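The residues making up each chain are set out below.
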Amino acid sequence: MNFRFVEEAIDTATARVELLDPGAGGFVTFEGWVRDFNEGREVTALEYEAFQALAVKEGERIVAEAAARFPVRRALCIHRVGRLALTDMAVWVGVSATHRGEAFDACRFIIDEVKHRVPIWKKEHYRNGDSGWVNCEACAATPSHAHGALHAHGHEPNAA
Amino acid sequence: MTAASAASAVPPVFGLVLAGGLSSRMQRDKATLPYRGKSQLERVFELAAGYLPEVYVSVRAGQAADPSRLRYPLIVDSVPGEGPIAGIRSALAARPDVAWLVLACDLPFLSEAALSQLLAERDPAASATAFCSTHDGLPEPLCAIWEPKSAAELAAYQEADGRCPRKFLIRHGAKIIEPRDRRALDNVNTPDEYRDALRSFDSEASAPMQVKIQYYALMREQAGRSDETLETAASTPADLYSELKTRYGFTLSREQLKVAVNSEFASWSRKLAAGDSVVFIPPVAGG
Numbered sequence: 001m002n003f004r005f006v007e008e009a010i011d012t013a014t015a016r017v018e019l020l021d022p023g024a025g026g027f028v029t030f031e032g033w034v035r036d037f038n039e040g041r042e043v044t045a046l047e048y049e050a051f052q053a054l055a056v057k058e059g060e061r062i063v064a065e066a067a068a069r070f071p072v073r074r075a076l077c078i079h080r081v082g083r084l085a086l087t088d089m090a091v092w093v094g095v096s097a098t099h100r101g102e103a104f105d106a107c108r109f110i111i112d113e114v115k116h117r118v119p120i121w122k123k124e125h126y127r128n129g130d131s132g133w134v135n136c137e138a139c140a141a142t143p144s145h146a147h148g149a150l151h152a153h154g155h156e157p158n159a160a
Numbered sequence: 161m162t163a164a165s166a167a168s169a170v171p172p173v174f175g176l177v178l179a180g181g182l183s184s185r186m187q188r189d190k191a192t193l194p195y196r197g198k199s200q201l202e203r204v205f206e207l208a209a210g211y212l213p214e215v216y217v218s219v220r221a222g223q224a225a226d227p228s229r230l231r232y233p234l235i236v237d238s239v240p241g242e243g244p245i246a247g248i249r250s251a252l253a254a255r256p257d258v259a260w261l262v263l264a265c266d267l268p269f270l271s272e273a274a275l276s277q278l279l280a281e282r283d284p285a286a287s288a289t290a291f292c293s294t295h296d297g298l299p300e301p302l303c304a305i306w307e308p309k310s311a312a313e314l315a316a317y318q319e320a321d322g323r324c325p326r327k328f329l330i331r332h333g334a335k336i337i338e339p340r341d342r343r344a345l346d347n348v349n350t351p352d353e354y355r356d357a358l359r360s361f362d363s364e365a366s367a368p369m370q371v372k373i374q375y376y377a378l379m380r381e382q383a384g385r386s387d388e389t390l391e392t393a394a395s396t397p398a399d400l401y402s403e404l405k406t407r408y409g410f411t412l413s414r415e416q417l418k419v420a421v422n423s424e425f426a427s428w429s430r431k432l433a434a435g436d437s438v439v440f441i442p443p444v445a446g447g
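As they're listed, the protein sequences go chains A and B.
Read in order, the letters of the first sequence are residues 1 to 160 in the working numbering.
Read in order, the letters of the second sequence are residues 161 to 447 in the working numbering.
Isolated chain A, as found in the complex:
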């Protein structure tokens, strides 16, 4: 199990222990946090939702791809779902490797792919009371630009 969802705060201390490895000389983590602005709007909270049956499979595939690409010892990604407040951690990626270089590379690879490929959605709640699904609302408002928008921002990472 190298990819999983949690509904409570991510327990990084336990996660770190899972990646301990006598052959590892370096350990890199990435944490994605809930930030107070996105695309010029003041954000007060985020709500995450996932199609978990497929998301876990796709997440596991991403970690396996990272392990095939970079000589890592162990790798793990944990994503939180539900309503999160500012400064809460939404995602955690940890990689242990023989050397730091591949640990950095693999960690970057995993978070980038997770943002692009795993069926997870987030709804931003704004200071003014509005809310919107990231990457869905802008496209939906301008359907005539939909096709270009898919590549321009449809699956782009933002926030975190």
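Don't take each hint at face value.
Subject to a maximum C-alpha distance of 16 Å in a straight line, what follows is the list of computed EDC-like cross-link-like pairs (lysine to aspartate or glutamate) [what the hints assert, rightly or not]:
| id | chain 1 | residue 1 | chain 2 | residue 2 |
| --- | --- | --- | --- | --- |
| 1 | B | 418 | A | 58 |
| 2 | B | 372 | B | 391 |
| 3 | A | 123 | A | 49 |
| 4 | B | 405 | B | 381 |
| 5 | B | 372 | B | 399 |
| 6 | A | 57 | B | 424 |
| 7 | A | 123 | B | 381 |
| 8 | B | 309 | B | 283 |
| 9 | A | 123 | A | 105 |
Computed, partial: chain B to chain A, Cβ under 8 Å [to be verified]:
| id | residue |
| --- | --- |
| 10 | 358 |
| 11 | 376 |
| 12 | 377 |
| 13 | 412 |
| 14 | 420 |
| 15 | 421 |
| 16 | 442 |
| 17 | 443 |
| 18 | 444 |
| 19 | 447 |
No lab work stands behind these hints: they were computed from the structure.
All values derive from a computational prediction rather than experimental measurement.
Note that the Cβ used here is the ideal one computed from N, Cα and C, for glycine as well.
Fit chain B to the supplied structure of chain A, relying on the hints for placement.
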């Protein structure tokens, strides 16, 4: 037999499936193209055999040993020249006492309704009985009954360098009838037409069935539910999305979505089966 009774005796109709074409536009043998597991040749042969006492397959001289033709009673072209006229004339020469219901090998939609109409409205006194095309109103010579008397007329026509059986029918007083099954004569000559025909077969094959749908994020809010079991005639996720987009007014276009069937990414053209679980995946935003 007296002269009077000979004149009144209506010759029987045998079937002739034309499988000698070059299929040059299709770039593969049209006779062997499969539709729902049966080759075009098998389909049309069996259809004709259901109505006629004897059915033959018309081939060119070089095709008699072709494995896809070998199992059928064959009439090999015996008169010179190329194209359907040579095949029709060869059959008329082989059995001068019968009329031939000639059927091309590129009519996947040919139906029992069309054959029974043609036989019912046949005029044995004409050179031939043919449908007129629903596309251009001209007679369709390759789904037509050719009477024995047409043999001599066809020979003369070919002698005068005539090659087009349709022009022949226009000039020689064939009986032309309006097809009730308007799609029966739609022919398939190119890879694109074949693909369209297959799609059409597929969508007909799909009786309404139940599929499960789960909605997430924006689509869950727009549908007002997170899942449902739906009776649908949609045969692919693409068709299903069109149906649901109309029902719920989804704002995302299909191009913005991916689709999963049974918890795995799937193609929009995948064939849905009863009980499948479908999820449309809006643009993702993890992290």
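Structure-based check of each hint:
The suggested pairing of residue 418 of chain B with residue 58 of chain A holds, with an alpha-carbon distance near 13 Å, which does not exceed 16 Å. With a CA separation close to 9 Å, the supplied pair residue 372 of chain B and residue 391 of chain B stays within the 16 Å bound. In summary, the hint linking residue 123 of chain A to residue 49 of chain A is supported, as the alpha carbons are separated by about 8 Å, within the 16 Å threshold. Proximity of residue 405 of chain B to residue 381 of chain B is assessed by CA-CA distance (about 13 Å); at most 16 Å being required, the pair is judged to hold.
For a cut-off of 16 Å, the pair hint linking residue 372 of chain B to residue 399 of chain B stands: about 15 Å separates their Cα positions. For the hint pairing residue 57 of chain A with residue 424 of chain B, the CA-to-CA distance comes to about 8 Å; that is within 16 Å, so the pair holds. Distance hint between residue 123 of chain A and residue 381 of chain B is fulfilled; the C-alpha atoms sit about 11 Å from each other, no more than 16 Å. Restraint check: the Cα-Cα separation between residue 309 of chain B and residue 283 of chain B comes to about 12 Å, which is no more than 16 Å; the hinted pair holds.
A C-alpha spacing of about 29 Å is found between residue 123 of chain A and residue 105 of chain A, which places the hinted pair above 16 Å, so the restraint is violated. A least Cβ separation of about 27 Å between residue 358 of chain B and chain A goes past the 8 Å threshold, and the interface hint is therefore violated. Below 8 Å, beta-carbon pairs count as interface contacts, and residue 376 of chain B has one with chain A at about 5 Å; its hint therefore holds. Below 8 Å, beta-carbon pairs count as interface contacts, and residue 377 of chain B has one with chain A at about 4 Å; its hint therefore holds.
Interface hint at residue 412 of chain B: satisfied, since its Cβ lies 6 Å from the closest Cβ of chain A, which is below the 8 Å cut-off. Contact between residue 420 of chain B and chain A, as hinted, is supported at the beta carbon level, the nearest pair being about 5 Å apart and thus within 8 Å. Among the interface hints, the one on residue 421 of chain B is violated; its C-beta lies about 10 Å from the nearest C-beta in chain A, farther than the 8 Å criterion. Proximity of residue 442 of chain B to chain A holds as hinted, the smallest CB-CB distance being about 5 Å (cut-off 8 Å).
A least Cβ separation of about 4 Å between residue 443 of chain B and chain A falls short of the 8 Å threshold, and the interface hint therefore holds. Below 8 Å, beta-carbon pairs count as interface contacts, and residue 444 of chain B has one with chain A at about 6 Å; its hint therefore holds. With a cut of 8 Å, the hint placing residue 447 of chain B at the interface with chain A holds, because the nearest CB-to-CB distance is about 4 Å.
In summary, the structure is inconsistent with hints 9, 10 and 15 from the numbered list given earlier, while agreeing with the others.
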